[in-house]
Amino acid sequence: MKMSTDLEKKFQDQITLEFEASITYRQLAIEADEQDLPGIAAWLRHQADEEVVHANKFIDHLSDRGNHAEIGQINAPAVKTGLSVLEIFEAALAHEEKVSQSIRDLYREAEAEGDFDSRPLLNWFVDEQIEEEATASEIIGRVKLIDGEGSGILRLDAELGQRPEEGTED
Numbered sequence: 003m004k005m006s007t008d009l010e011k012k013f014q015d016q017i018t019l020e021f022e023a024s025i026t027y028r029q030l031a032i033e034a035d036e037q038d039l040p041g042i043a044a045w046l047r048h049q050a051d052e053e054v055v056h057a058n059k060f061i062d063h064l065s066d067r068g069n070h071a072e073i074g075q076i077n078a079p080a081v082k083t084g085l086s087v088l089e090i091f092e093a094a095l096a097h098e099e100k101v102s103q104s105i106r107d108l109y110r111e112a113e114a115e116g117d118f119d120s121r122p123l124l125n126w127f128v129d130e131q132i133e134e135e136a137t138a139s140e141i142i143g144r145v146k147l148i149d150g151e152g153s154g155i156l157r158l159d160a161e162l163g164q165r166p167e168e169g170t171e172d
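Going by our numbering, the first residue of the sequence shown is number 3, and it counts up by one from there.
Just so you know, the hints here were simulated from the structure itself, not pulled from any lab data.
Just to be clear, a hint being listed does not mean it is correct.
As the list claims (entries may be wrong) - In the SDA-like style, the derived pairs of lysine to any residue whose C-alpha atoms are separated by at most 20 angstroms in a straight line are: (1) 100 x 81; (2) 11 x 123; (3) 4 x 100; (4) 100 x 48; (5) 59 x 84; (6) 12 x 62; (7) 12 x 74; (8) 82 x 11; (9) 100 x 66; (10) 12 x 81.
Unchecked claim - Computed spacing ranges between beta-carbons, pair by pair: (11) 7 x 140: 36 to 42 angstroms; (12) 129 x 166: 19 to 25 angstroms; (13) 125 x 11: 17 to 23 angstroms; (14) 68 x 40: 41 to 47 angstroms; (15) 118 x 152: 50 to 56 angstroms.
We treat Cβ as the ideally placed atom computed from N, Cα and C, and that holds for glycine.
With the hints as constraints, model all of the structure from the sequences given.
Have a look at this one:
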């Protein structure tokens, strides 16, 4: 069942936000690379790729329902240079929280319109965002425990660099 024009626009906005999240993670990866932390940079690039997968899920949903997927204007990431490892992950968490709020707002709009066909996709995203925020929060907690100590940062870098590679078409 085709969704309303208003709901279609909100889904298009979510697509744009997912691509914006990808670019934000890419910029954060650059900041990690600048500090010679290849594992953290790789983890952040993987997150960037995952955001593209998320955008693709919304694109497919719109297309499958006879609506039109469209990417809006993507804002440059608001990421400062010279961030500490803690600040990198705090920025990642802040962006995940922004995406989570947007998903909840989209869910409310779909429910208000009685768009039950969006429910499975949005339920998946609610669960995914809980996981994303929890992961970023856990890393932040560990970085705080390390308290800037070099060998601890290097150990975290090595650990995060072990994340398996996945593509953007999952």
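Taking the hints in turn, this is what the structure says about them:
| no. | hint | verdict |
| --- | --- | --- |
| 1 | 100 x 81 | 15 angstroms, holds |
| 2 | 11 x 123 | 16 angstroms, holds |
| 3 | 4 x 100 | 27 angstroms, violated |
| 4 | 100 x 48 | 19 angstroms, holds |
| 5 | 59 x 84 | 33 angstroms, violated |
| 6 | 12 x 62 | 15 angstroms, holds |
| 7 | 12 x 74 | 11 angstroms, holds |
| 8 | 82 x 11 | 31 angstroms, violated |
| 9 | 100 x 66 | 26 angstroms, violated |
| 10 | 12 x 81 | 25 angstroms, violated |
| 11 | 7 x 140: 36 to 42 angstroms | 40 angstroms, holds |
| 12 | 129 x 166: 19 to 25 angstroms | 20 angstroms, holds |
| 13 | 125 x 11: 17 to 23 angstroms | 21 angstroms, holds |
| 14 | 68 x 40: 41 to 47 angstroms | 44 angstroms, holds |
| 15 | 118 x 152: 50 to 56 angstroms | 53 angstroms, holds |
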